[in-house]
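**Student:** Now for the letters of each chain:
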Amino acid sequence: MSTELIRNFSIIAHIDHGKSTLADRIMEVTGLVSNREAKAQLLDDMDIERERGITIKASAVTMNYEHAGKTYMLNLIDTPGHVDFHYEVSRALTACEGALLVVDATQGVQAQTVANAYLATESGAELIGVINKVDLPSAQPEITAEEIEHVLGIKKQDCFRISAKTGMGVRELLDAVVTLLPPPPDDGDKPTAALVFDCICDDYRGVICYVRVFAGSLSVKQKIRFMGVARTHLITELGKFTPKMSPVDRLSAGEVGYVIANVRQLSDVTIGDTITDDSKPAEKPLPGYVPPMQMVFSDFYPGNNTDYPNLRLAFEKLALNDASFSFIPQNSPALGFGFRCGFLGLLHMEIVQERLERENNIDVVQTAPTVSYEVLTTDGRTLKIDSPADLPDVTQIEELREPFVRLEVITGTDSIGGIMKLAESRRCKLLKTDYLSQNRVILEYKAPLAEIVYDFYDLLKGVSHGYATMDYEFTGFEVGDLVKINILVNKIQVDALSLIVHRSVAENRGRKMLVRLRKAIPRHQFEIPLQVAIGGKIIARESIKPFRKDVTAKLYGGDVTRKMKVLKRQREGKKRMKNIGSVQIPQEAFMSILDSSD
Amino acid sequence: MGNQKFDCESCPSIKRTAGLYVHIPFCEAKCRYCGFYSEPIKNHAPQRLVSAIIRELGQYDHIETFQTVYIGGGSPSCLPAEQLLRLIREITSHWPKPEEFTIEVNPGQVNKGIFSQLRTAGVTRISIGAQSFNPDELTFLGRRHSVGDTGRAVEMARQAGFENIGLDLIFAIPHSTLSSWKYSLCSAIDLGVQHISAYALTYEEGTPLQKSVEAGEVAPVDEETDRQMYETTIDELEKAGFKQYEISNFAKPGFECKHNLNYWANKPYIGVGPAAGAYWNGKRTLNISDIKKYIEAIEQGKTVIAESETPDNTQIACETAVLNLRRRCGIILDEFEKQTGFDAMKLFAEPIGRYQNLGLIEATDGRLFLTRDALPIADSVLCDFSTT
Ligand SMILES: Nc1nc2c(ncn2[C@@H]2O[C@H](COP(=O)(O)OP(=O)(O)O)[C@@H](O)[C@H]2O)c(=O)[nH]1
Ligand code: SF4
Ligand SMILES: [Mg+2]
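Chains as they are written, first to last, in numbering that gives the first Met the number 0: chain D, 0 to 597; chain U, 0 to 387.
Hint data in this document are derived by calculation from the structure and do not stem from the laboratory. Predicted, not measured: the structure shown is a model, and the values here were computed from it. Just so you know, even glycine gets a beta-carbon here, dropped at the ideal spot from N, CA and C. Any given hint could be a false lead.
[Claimed, not checked] In silico BS3-like pairs for lysine-lysine, Cα to Cα no more than 27 Å straight-line:
| hint | chain 1 | residue 1 | chain 2 | residue 2 |
| --- | --- | --- | --- | --- |
| 1 | U | K210 | D | K564 |
| 2 | U | K257 | D | K564 |
| 3 | U | K282 | U | K257 |
| 4 | D | K283 | D | K220 |
| 5 | D | K574 | D | K562 |
| 6 | U | K337 | D | K567 |
| 7 | U | K282 | D | K562 |
| 8 | D | K564 | U | K337 |
| 9 | D | K553 | U | K257 |
| 10 | D | K564 | U | K282 |
| 11 | U | K257 | D | K562 |
| 12 | D | K562 | U | K266 |
| 13 | D | K567 | U | K210 |
| 14 | U | K29 | U | K41 |
| 15 | D | K553 | U | K238 |
| 16 | D | K553 | U | K210 |
| 17 | U | K96 | U | K257 |
| 18 | D | K574 | U | K345 |
| 19 | D | K154 | D | K164 |
| 20 | D | K553 | U | K251 |
| 21 | D | K567 | U | K282 |
| 22 | U | K292 | D | K562 |
| 23 | U | K282 | D | K553 |
| 24 | U | K242 | D | K562 |
| 25 | U | K337 | D | K562 |
| 26 | U | K345 | D | K564 |
| 27 | D | K564 | U | K266 |
| 28 | D | K573 | U | K345 |
| 29 | D | K567 | U | K266 |
| 30 | D | K490 | D | K536 |
| 31 | U | K337 | U | K257 |
[Claimed, not checked] Listed next, with one range per pair, are the computed distances between beta-carbon atoms:
| hint | chain 1 | residue 1 | chain 2 | residue 2 | range |
| --- | --- | --- | --- | --- | --- |
| 32 | U | T309 | D | E358 | 30 to 36 Å |
| 33 | D | R204 | U | T309 | 44 to 50 Å |
| 34 | D | S596 | U | S211 | 32 to 38 Å |
[To be verified] Chain D regions said to be covered by chain U (calculated; three or more residues, Cβ under 8 Å):
| hint | segment |
| --- | --- |
| 35 | 547 to 554 |
| 36 | 558 to 564 |
With the hints as extra help, turn the sequences into a complete structure.
**Tutor:** See below:
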């Protein structure tokens, strides 16, 4: 089969600009699903994706489209639109020849529009500019087109104006997909090479790999080899997503579909690996992806120590469907046994947390998320530090390095002042200012990741009245004048409450941490001293006064059931807390130390 | 604080079996802080309710004895005398001479005559809702009696031959002070009663008082003062020869309220009347909290039980522990094991260890009890005994 009639493309967009809606409309226009079915945004698979209205994982769907008397096979790969999931976007784009860059005409170009466009360009995908939501009265398609031309270099007259909601312009857009985007190269005769661009794990069928065949073909019963991990398997099922899984006998060069081959666990495959024929292998694997980079780490401890094995099981289950999440056993002197977990970013962390809670009944205490640091020790070793608790003693540190990113903020000109001030307070260095249009601007910064990963986005939204958007990309580690703040609760140093910060703000932050902790740790039956130490020196103290009265005055016959309920609730409240010595520290306290506001 | 030695023989916590509670859900008018189920009597026909209660009592004919009877409310004393006596005679005709027969009275609703009639009818113990000896505090609470009424009620009860008289007091009333509370306490002591219950004012959900607090119109007494008032209560009453036998209850030796001790022993009791609770045959039940619906149900021969729960063995053990620990004598370990099948020291090993270290719990002489330091913060300890 010639690849001439195949088109592989993605839709990329800033969040909420209409990617999922457009995907639904396209499926409807191609007759894949009825209007009614499309309502639920079929490509958003997981509950959490639907509830939060964000796409987390890429997914693929195959459609037929008639154009000029020919039937084309369209493979659409949906991509996430959040900064945490860039690597997913890159993966999806590698499997495509082209992408529709969707921009909301009422919002204009936003940070993830730019970031995704860069990713597309890097992967060599052809871009079609799409201006969406033109049905809205507040749409400004002309200005949006100018912005696209200005920053992304797509000619404004070449942009398509559509409404993914009403379907207006969608057919013309599909015609353009067929006429403007290139077909996949016709490499059917070469040795088989198929790229694994995503994987999911199904309880019954094991691992399902999403693949794009670049050369040769795949067929059922074929003996294949995963080149990276050097394992061989027999293909038991091949198919396409329509959007249900529909088995086929063969996937030819240029096609997108799925492979099931008796792979049990996600850890047995690497996303980005190349599948080839075991007897006639390709010479070299396809250019793979850069592995996802975990930017944020946090320790999870079971509220009750006996839940440790259950927590492990829960994480194992989560990791089955999320290869970018990691967990490593930890043993903290204060908190006992738990796990250090790595995430792509804060949103990713929240999603994992939410799934952990939803799918399991384990009380967990989680420490404040941290970025990774690099330490050059006095004896010349380089260590990666994913928790302030692991930082060696100052005397053994030659250099302490922190991660930096290139940060892009897009905003209206009226909030530039506020944003500049905010960025400065977070040690960000302005690299470049570029006007998108008359009153919108891109600010490019060099920023320490630790300063922008937690609350920066919320603050940015605050100073810009919700208009600014941001995106960032890791650039490297650099030496910083950093110190560790230690907290002592009831005279015991609590690792999980330590924080690494820039020296210039350390004292101030330390004091704030005490105030936060004083509020977050409930009063106990005794007084609790709190102390903050920097470099071994106590710089401030506070104390949590004990409660003095907590007793039910009357408890007689008829009150027993009700009172027992109240007492149980009081006890439940203690459960999501971690015992440190005789002090119970609630979940909020661990998180509260990150709050640097006044 | 020193540890109290317990004299097991004189302590009536052991051996109690079944109690009978009768709830009279009438009051002259509703007090501002009150969270009990009661309604103004003027809207109802008392004889109809009393008849209904008597019919409900009929269901328990087969029970041979009640060691204790307690008529509470509401205000039983606001019933017309003939109705109240009819009820009492009905009870004593079935279950003559219980070891203790208590009735709650409101100081403003009694006279010499009624006390003698009660005594003749078989009542042995009077519990008087004094609440405070400071007139402005009584007014604040919305009580309709005066300080003088309380003194007169005690005197009349004594003259009628009652030798077991208790007073209920409330502390930590907004605007009250440590010295105004001491004054109330001393006045109660001076009246020569045998029993004093001292309750910190609680702000019950939905009461007018609670709403005023929520609206910021009334400020509760601060925690430290509340604590001092409670400590003072224990000190003053012990000095005056009362023994604290439960968190809020104090008695001259031998005058502990047996009926209430039965509750804290987690032993069975029957409850009749609207909103009355019972613990019988392993079931905790609560009657309909609505006078009209209660009467209708009785008259139509339907059940008056609105809520029912059968605690499992562990739950029973937890309930028993929580209730026992309210007593100064605490959990009597071998009693507990006989009653629940559990070894309390094992079942609650974790909180026991933790609270022993904090000096809030002690285990000696086969008992496990809260220390004096734990009493003001008992709930924070007891909640760890509410589940295992
Ligand atoms: N009026 C209008 N609303 C749209 C259009 N396209 C998408 N939306 C709405 O914009 C919101 C975000 O769309 P969605 O497809 O979930 O965005 P995604 O985050 O890029 O997948 C939803 O409420 C859609 O209904 C459009 O063309 N016109
Ligand atoms: S406090 Fe007593 S008298 Fe006042 S309303 Fe409540 S039950 Fe009736
Ligand atoms: Mg979406």
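**Student:** For a quick check of understanding: which of the numbered hints are violated here, in increasing order?
**Tutor:** Per hint list: zero violations.
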